[in-house]
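Novice: Sequence:
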Amino acid sequence: DLKGQLLELQSKLENFLAKEGDKLPPTTQRTVLETVQQVKLASDNIELQQLSNQLSKQEQNPLVLQIPDPLLPETRTAKLYIRDSEGEEGGKGGDKKDFHMVFLLNLSAIGDIRIDAKLNGTNLAADFSSENNKVVDLIKSGSADLQKKLEKLGFSASVNSSVKEKTDMEMEDSTDQALKEVSTRLVD
Numbered sequence: 130d131l132k133g134q135l136l137e138l139q140s141k142l143e144n145f146l147a148k149e150g151d152k153l154p155p156t157t158q159r160t161v162l163e164t165v166q167q168v169k170l171a172s173d174n175i176e177l178q179q180l181s182n183q184l185s186k187q188e189q190n191p192l193v194l195q196i197p198d199p200l201l202p203e204t205r206t207a208k209l210y211i212r213d214s215e216g217e218e219g220g221k222g223g224d225k226k227d228f229h230m231v232f233l234l235n236l237s238a239i240g241d242i243r244i245d246a247k248l249n250g251t252n253l254a255a256d257f258s259s260e261n262n263k264v265v266d267l268i269k270s271g272s273a274d275l276q277k278k279l280e281k282l283g284f285s286a287s288v289n290s291s292v293k294e295k296t297d298m299e300m301e302d303s304t305d306q307a308l309k310e311v312s313t314r315l316v317d
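Residue numbers (our numbering): 130 to 317.
Keep in mind that the hints were calculated from the coordinates and are not lab data. The structure displayed is predicted, hence computed values, not measured ones. Be aware that one or more of the hints could be misleading.
[Stated by the list, open to error] Subject to a maximum C-alpha distance of 30 Å in a straight line, what follows is the list of computed DSBU-like cross-link-like pairs (lysine-lysine):
1. Lys278 <-> Lys263
2. Lys263 <-> Lys141
3. Lys293 <-> Lys263
4. Lys208 <-> Lys132
5. Lys208 <-> Lys148
6. Lys169 <-> Lys269
7. Lys169 <-> Lys152
8. Lys278 <-> Lys247
9. Lys293 <-> Lys277
10. Lys208 <-> Lys263
11. Lys169 <-> Lys148
12. Lys152 <-> Lys208
Using the sequences provided together with the hints, build the complete structure.
Specialist: Structure representation (structure tokens):
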């Protein structure tokens with residue numbers, strides 16, 4: 130997995146520095162040290178995300194996947210919240226599960242977009258909302274195309290879009306609060 134590969138890379142870089150560090154120019158040493166720190170930070174972030182998702186699952190909260198903005202990764206992320214609707218049966222004999230997903234996008238050029246989706250087997254209902262009329266019109270113009278593509282993939286899709294005065298870009302997530310209040314649970 131990615132975390133394992135990052136830890137292996139970190140170990141190899143640290144071993145390289147221990148053996149060959151004295152022979153390297155100071156600028157190269159600094160570059161390798163900075164790379165080691167970035168790799169360590171990335172593996173720590175993956176581990177925190179794994180622990181957070183495990184806690185979310187135990188507390189029956191939605192899983193949160195943060196997707197960094199490639200242009201401004203240090204300041205902005207898109208968030209995808211996924212909740213498995215346990216106890217709700219879908220399909221024949223309860224063989225399918227419902228999933229609720231909320232995708233929060235903050236795009237500098239067009240503003241905030243919120244996508245609420247519910248997946249029940251092959252039935253997908255998606256609601257797009259934005260504060261910008263032009264964005265909603267653009268989504269409406271492409272929704273038939275999106276539905277056709279989803280149908281080719283085997284989904285029965287319903288796509289809606291609406292203008293909301295203030296698009297709610299936060300989800301109620303008690304996982305962060307639980308991490309702060311009861312940090313000993315992570316060890317348990």
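Novice: Has the given pair, Lys208 with Lys132, been kept, meaning a C-alpha gap of at most 30 Å?
Specialist: 21 Å, holds
Novice: So if I understand the rule, the pair passes when the alpha-carbon distance is 30 Å or less; does Lys152 with Lys208 pass?
Specialist: 45 Å, violated
Novice: For the pair supplied as a hint, Lys293 and Lys277, is the alpha-carbon distance within the 30 Å limit?
Specialist: Measuring from Cα to Cα gives roughly 26 Å; hence the hint holds.
Novice: Hint check: Lys169 vs Lys152, CA-CA at most 30 Å. Holds or violated?
Specialist: With Cα atoms ~24 Å apart, Lys169 and Lys152 stay inside 30 Å; holds.
Novice: Take a quick look at whether Lys293 and Lys263 sit within 30 Å of each other, Cα to Cα.
Specialist: Within the cut-off at roughly 12 Å; holds.
Novice: Assess, step by step, whether the Cα of Lys208 is no farther than 30 Å from the Cα of Lys148, and give holds or violated.
Specialist: 42 Å, violated
Novice: For a C-alpha distance cap of 30 Å, please report whether Lys263 and Lys141 respect it.
Specialist: 51 Å, violated
Novice: Going straight from one Cα to the other, do Lys169 and Lys148 come out at no more than 30 Å?
Specialist: Status holds; Cα separation ~20 Å.
Novice: Taking 30 Å as the top limit, are the C-alpha atoms of Lys278 and Lys263 close enough?
Specialist: The hint holds at about 23 Å.
Novice: Hint check: Lys278 vs Lys247, CA-CA at most 30 Å. Holds or violated?
Specialist: 17 Å, holds
Novice: Need the status of pair Lys208, Lys263: alpha-carbon distance at most 30 Å?
Specialist: 23 Å, holds
Novice: Starting from Lys169, check that the Cα of Lys269 is at most 30 Å away, please.
Specialist: At roughly 44 Å apart (the allowed maximum being 30 Å), Lys269 and Lys169 break the hint.
Going through the hint list in order, the structure does not satisfy hints 2, 5, 6 and 12.
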